[in-house]
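Novice: Taking the hints as your guide, dock the two standalone chains into a single complex.
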Amino acid sequence: MSKQADVQELTPDAEAVASGLPKATRDASLVSSVLAGDSAAFDQLVRRYQRRAVAVAYRLLGNSHDAADVAQDAFLRAYRGLGGLEDARRFGPWLMRIVTNLSLNFRRSRETGVARGAAVLDDVVEAPDGFRRPTGDPRAGEASPPDASLSSELREAVGRAVERLPDKQRLALVLYSIEGLPQKEVAEILECSVELVKWNVFQARKTLRKELDRYLG
Amino acid sequence: MDAAGDKTEQQEFLLSQYLDGDLDEAARRELQRQLEADPKLAARLEKLRQADRLVQAWAGPAPELDWDRFAAEAARRRAGYETWRRRSRILRLYAPLSAAAAIALAVTVYFVAGRWRPAETPPERFVSVSIQRADAWRKDPSLGEAFARVSFDRAATLGTMELPPAAAVAVAAAGVGPPAAEAVFEETAPYF
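Chains A and B, in that order, give the protein sequences.
Residue numbering for the first sequence follows our numbering, beginning at 1 and increasing consecutively.
Residue numbering for the second sequence follows our numbering, beginning at 1 and increasing consecutively.
Just chain B, with the same shape it has in the complex (with noise of 0.2 angstroms):
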């Protein structure tokens, strides 16, 4: 901008701060000399004039609504606000100890459950039935309920099978069994 664009600038913001009644006394009358003086001056602070008095006519009022249902609004929205915090911060006082709680019994689970065994059986036992006559066999009333292994001497007949006693027994009683063979029961080992 020029000088002389920088003084029309400097003018016209001398008239806008004459407007809003800005200017001290003193160039208040400065500038209400040149303005007498100066008829393209006056123009411009009359437009400026019918400038601002344009956009106020344009604006308009203020809405005007229903105030107190504004207000309650307000209040509804910031008591949900305050429902929100209260929870929110008992969360947040909680929430630690919640973790705490958890993990606790996440670790007590844990330790319980790896100190758990299931209810003890009595150890099973398993029987040694040798075979060695098939023409008797013979009961051993220490085999309870246990299961019994019935091995048969004749391994290369019979092999070893194992059996729960009950069956075992009934085939010792129903004198089944390889011919020849002797059933001998020997209580070995628990089985685990």
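The shape of chain A in the complex, shown without the other chains (with noise of 0.2 angstroms):
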């Protein structure tokens, strides 16, 4: 499984451990402040989630562009609702079903041709260098190089066949399996429960050790 999530966490994660608080409890804290008025920790929120957020809607999305704007408008989602979290240790899960929904929004419209103007997609990202990539192409914007272990052939048949999983396996399979978030997390994100996860993962598992049967030993 990646670790890939504990890396970038590991800042944030660390922040926590230095106040001496469980993460949950300082996002609680954070979310208390930013509802009594204060809407600079919302700043602090945003820099704890901003790299889960982005490379889920990433591994949903294909690109960073697409994900950077999608990230960004969760983030704007979840300020104006912040009111309406029921429970503020559960910011965390609550923002990345933000992420996902708004992601899943997206590849829909960009399948049904009605992705957004790039205007608004330059609104966002005056930015860094991977910001800018042409959004055709599902990996064109990848802000990082593929590994190169892998060979284009079985880079198009991987990602074909995880294109073709259906959300709820899929969604499972990114968060879990690629980002690595604990299930009992993955759970809350996809409100549902552990097993359902564990299921899902599985069924895509299966399906990809299916569809990739002739690439593996």
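Since the hints were made in silico from the structure, they are not lab data.
Some hints could be false.
Claimed, not checked - For lysine-lysine, the following BS3-like pairs were computed, each having C-alpha atoms within a straight-line distance of at most 27 angstroms:
| # | chain 1 | residue 1 | chain 2 | residue 2 |
| --- | --- | --- | --- | --- |
| 1 | A | Lys210 | A | Lys23 |
| 2 | A | Lys184 | B | Lys40 |
| 3 | A | Lys210 | B | Lys40 |
| 4 | B | Lys7 | A | Lys23 |
| 5 | B | Lys40 | A | Lys198 |
| 6 | A | Lys206 | B | Lys7 |
Specialist: In structure tokens, the structure reads:
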């Protein structure tokens, strides 16, 4: 399983440890501050979750440009809807749920040709290199080089197989197998039981095993 | 799915959980025993593991962006939203007041305008001028600036005409008029 998420969350975790509070409690404290009028506290939440938000969106959308845009949108929606968050300690899963929902919506709109205008995207990103990639090719905006050990044919085959997975299976696979989030957190994000997460991951793996059988030893 | 298929599915589910370290100790040992005894099962486990690794290799590392700029952009959007929200709040607060003020203003204007009359000019009077003989016009000083109606008694001849008093006076002074007529200026009721 990938440990990327652990690496990405290193800084925020370290911050939480330094504050002497569990991460969820620290989140709750920040959420309370925001709700009390300290909107700057939200900056800390952004910094804490921005890597994961972009990473999850990137896994679902295939390019960093769209991923950054969707993640920005998710943060804004989270800020607007913060008052409706029932358990402030669950900010992380709640935010990721927004990210995944927006990403799926974005995918659907892109598939039906109603992708958002470039102007909107440009508005987000006057920015770093990784932001400004063409969006036509799902992998075109890849900020990081693909694993060189995979042939282009194999990459395409894996990509197609993942793309064809039902949403729930793909989400479970992305969040658990690729992003390395704990099953419990994945279950919270997907609003289902841990058992169902395991089942969806299994179904995804089984499908991939069948689809990629000729590439497996 | 038949019973054999069910068993295979269940076994494969166990393999998936085994990969994730989700099995309890007893189940893990039992599966390990089966794996040692069944090469096909072991091969299936290996393929699941390989498929998982393939997906991870395909996914690659997450994008690395300029996170400071990303956070700054998020703050900028949030500030934009806050500005919009403040304006909306003000609008929501003052919209009813503005509407009430507009209505009050409209009502006031309606009543004020309804009661307003232009500055009253002196009631216009017309003067009936009966012309009995044409050889004499008489001026009536009471005409003032009011319009005068000059009516000719010999209606069959000239009928009635309205003239500004000055004109009527001028006509009278000039002695213009039907012959053998006499103008009689009679003040009558106000014109309106």
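Novice: Each hint should be assessed against the structure and marked as holding or not.
Specialist: Status of the hints after comparison with the structure:
For the hint linking lysine 210/A to lysine 23/A, the alpha-carbon distance of about 39 angstroms lies beyond 27 angstroms, and the restraint is violated. Restraint check: the Cα-Cα separation between lysine 184/A and lysine 40/B comes to about 32 angstroms, which exceeds 27 angstroms; the hinted pair is violated. Restraint check: the Cα-Cα separation between lysine 210/A and lysine 40/B comes to about 15 angstroms, which is no more than 27 angstroms; the hinted pair holds. Restraint check: the Cα-Cα separation between lysine 7/B and lysine 23/A comes to about 41 angstroms, which exceeds 27 angstroms; the hinted pair is violated.
For the given pair, lysine 40/B sits about 23 angstroms from lysine 198/A by alpha-carbon distance, which is consistent with the 27 angstroms threshold. Annotation: proposed proximity of lysine 206/A to lysine 7/B holds, straight-line Cα distance about 15 angstroms (limit 27 angstroms).
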